[in-house]
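Going letter by letter, the sequence shown gives residues 0 to 445 in numbering that gives the first Met the number 0.
Simulated from the structure, these hints should not be mistaken for lab results. Possibly wrong hints are sitting among the right ones.
Stated by the list, open to error - Beta-carbon label-pair distances, calculated as ranges:
{"id": "1", "residue 1": "R321", "residue 2": "A133", "range": "32 to 42 Å"}
{"id": "2", "residue 1": "R274", "residue 2": "Q124", "range": "34 to 44 Å"}
{"id": "3", "residue 1": "D250", "residue 2": "L166", "range": "36 to 46 Å"}
{"id": "4", "residue 1": "P380", "residue 2": "A338", "range": "52 to 62 Å"}
{"id": "5", "residue 1": "K176", "residue 2": "L275", "range": "13 to 23 Å"}
{"id": "6", "residue 1": "L187", "residue 2": "P380", "range": "34 to 44 Å"}
{"id": "7", "residue 1": "T253", "residue 2": "S281", "range": "18 to 28 Å"}
{"id": "8", "residue 1": "R16", "residue 2": "L166", "range": "22 to 32 Å"}
{"id": "9", "residue 1": "D250", "residue 2": "A417", "range": "31 to 41 Å"}
{"id": "10", "residue 1": "Y388", "residue 2": "Q124", "range": "25 to 35 Å"}
{"id": "11", "residue 1": "P123", "residue 2": "I425", "range": "16 to 26 Å"}
{"id": "12", "residue 1": "P184", "residue 2": "N218", "range": "48 to 58 Å"}
{"id": "13", "residue 1": "V334", "residue 2": "S281", "range": "40 to 50 Å"}
Keep in mind it's a predicted model, so treat the numbers as computed, not measured. The C-beta atom is built at its ideal place from N, Cα and C for all residues, glycine as well.
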Amino acid sequence: MNTPAAPAAPALKKVLRPLHLWAIAVGLVISGEYFGWNYGWSVAGPVGFLVATLLVTVLYVTFIFSFTELTTAIPHAGGPFAYSYRAFGPLGGLVAGYATLVEFLFAPPAIALALGSYGHFLSPQVPVLGTALACYVVFIGINLLGIKESAWFSLVVTLLAVAELVLYMGLVAPHFKVSNFLAHPVPLGAAGVFAALPFAIWFYLAIEGVAMVAEEVENPKQTIPKGYLYGLGTLVVLALGVMVLTGGITDWRTLSRIDYPLPEALGVVLGRHSRLTQLFASIGLFGLVASFHGTIIGYSRQVFALARSGYLPGILARVHPRFRTPHWALVAGGVVGAAALLTGTTAQVITLSVLGAVVMYAISLLSLFALRRREPGLERPFTAPFYPYFPLLALALTLLSLAAIIYYNWLLSLLFFAGLGVALGIYVLLGRHRRPLPDDALLQAE
0 MNTPAAPAAP
10 ALKKVLRPLH
20 LWAIAVGLVI
30 SGEYFGWNYG
40 WSVAGPVGFL
50 VATLLVTVLY
60 VTFIFSFTEL
70 TTAIPHAGGP
80 FAYSYRAFGP
90 LGGLVAGYAT
100 LVEFLFAPPA
110 IALALGSYGH
120 FLSPQVPVLG
130 TALACYVVFI
140 GINLLGIKES
150 AWFSLVVTLL
160 AVAELVLYMG
170 LVAPHFKVSN
180 FLAHPVPLGA
190 AGVFAALPFA
200 IWFYLAIEGV
210 AMVAEEVENP
220 KQTIPKGYLY
230 GLGTLVVLAL
240 GVMVLTGGIT
250 DWRTLSRIDY
260 PLPEALGVVL
270 GRHSRLTQLF
280 ASIGLFGLVA
290 SFHGTIIGYS
300 RQVFALARSG
310 YLPGILARVH
320 PRFRTPHWAL
330 VAGGVVGAAA
340 LLTGTTAQVI
350 TLSVLGAVVM
360 YAISLLSLFA
370 LRRREPGLER
380 PFTAPFYPYF
390 PLLALALTLL
400 SLAAIIYYNW
410 LLSLLFFAGL
420 GVALGIYVLL
430 GRHRRPLPDD
440 ALLQAE
């Protein structure tokens, strides 16, 4: 039977400031501007995908404003797990924890495959799969060294990645043609827009991972809102700029099914063998590295929090006595990611990660409403603006996205919900739902 780790074990270290959180927020997501979103063109075309992206942008703006209320009120490494547990009890916590694990365990393999593909673009003899597996070894090692060191690394590579995207937009903007963006039109309709939603979500997926380092933030009630909101603003500008400009460079169909659309588009403008094109592909690895590094931080803290609360084996809640990082959680997530690399394609792994995300968004928003009703006296340093309209709009768009993902990816959805059913069944059979956590167990960072 799983038991929570002993309370005397070393705690996570509080060292993160607003700049670190901005870097983690943007770094978690920024690979979504480099690859993955372009698969949406193959099902909706540039115009349909633009509509899907605008819908998803509204979803994330309203969701993050709502989610920040929960993160500042309950700054816990479990993030959505902690909010749902407090709102709906042990079974609610399990649903949120499972969905968040799926999101953060399956986002890194997709990014690792893109890292391998970028390396292959630069040098065809570089193996995609071998590079992806090597990335896990290297970046789990970096994360083992400590959160402050990891955050500074994230800051450096995120700044480089943002600067590169700004440079990319500057280089391709003079070559943008509306006629290219509108060429080879796919009929604009609800079917194409809905099918493209998972790939539009990839533009912003994992920004909520900031919640999982909440226990390592100095003054979380003031720092977390700044990190979220500055990060989201940066990503909205980058996502829309990159997607629109890239669609007007060349025949968008040639970019819709590859893992390196930006260097390929720049190759059209400057020549594939141009030094700038090669340089861009080289430093473009920083954007992928930033997200890969950030999602490893995210999954390790989620595994740590679930194990500490008794949902996973207690060994995964152990903190390294010297570096004060959840070392066994880091390794366990890496094993799952490596297995996903060997069994899935990029599009499938992205879809599975997005499915976990939207389920987590839904239960988090429901938790917001439940906690507003059940705990009106809970200290809320940041409150969702335009309540209840912002959270309701976010919930409606989340449920729309969930329905679309299930409809167009029924086999992956069946796999996802079967896994959730098995987890719930085991949890109930073990009787864990009848042994709730102590009242203060979800307030460990306060």
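Now the hints, each set against the structure:
1. Here the CB-CB span from R321 to A133 is close to 25 Å, at odds with the stated 32 to 42 Å.
2. For R274 and Q124, the hinted distance range of 34 to 44 Å is not satisfied, since their beta carbons lie about 20 Å from each other.
3. A C-beta distance of roughly 24 Å is found between D250 and L166, which places it outside the suggested range of 36 to 46 Å.
4. About 40 Å separates the C-beta atoms of P380 and A338, a value inconsistent with the hinted range of 52 to 62 Å.
5. Between K176 and L275, the C-beta spacing of about 20 Å keeps the proposed range 13 to 23 Å intact.
6. Restraint check, L187 to P380: a C-beta distance of roughly 43 Å satisfies the suggested window 34 to 44 Å.
7. A hinted range of 18 to 28 Å holds for the C-beta pair T253 and S281, which are about 22 Å apart.
8. Remark: the range hint 22 to 32 Å for R16 to L166 is upheld by a beta-carbon distance near 27 Å.
9. At about 40 Å, the beta-carbon gap between D250 and A417 stays in the expected band of 31 to 41 Å.
10. Evaluation of the 25 to 35 Å hint for Y388 and Q124 yields a failure: the beta carbon distance comes to about 55 Å.
11. Between P123 and I425 the beta carbons are some 46 Å apart, a value that contradicts the proposed interval 16 to 26 Å.
12. For P184 paired with N218, a C-beta distance near 51 Å keeps the hint of 48 to 58 Å intact.
13. For the hinted restraint 40 to 50 Å between V334 and S281, the CB-CB distance of approximately 30 Å leaves it violated.
Figure legend: structure checked against the earlier numbered hints; hints not met, in rising order: 1, 2, 3, 4, 10, 11, 13.
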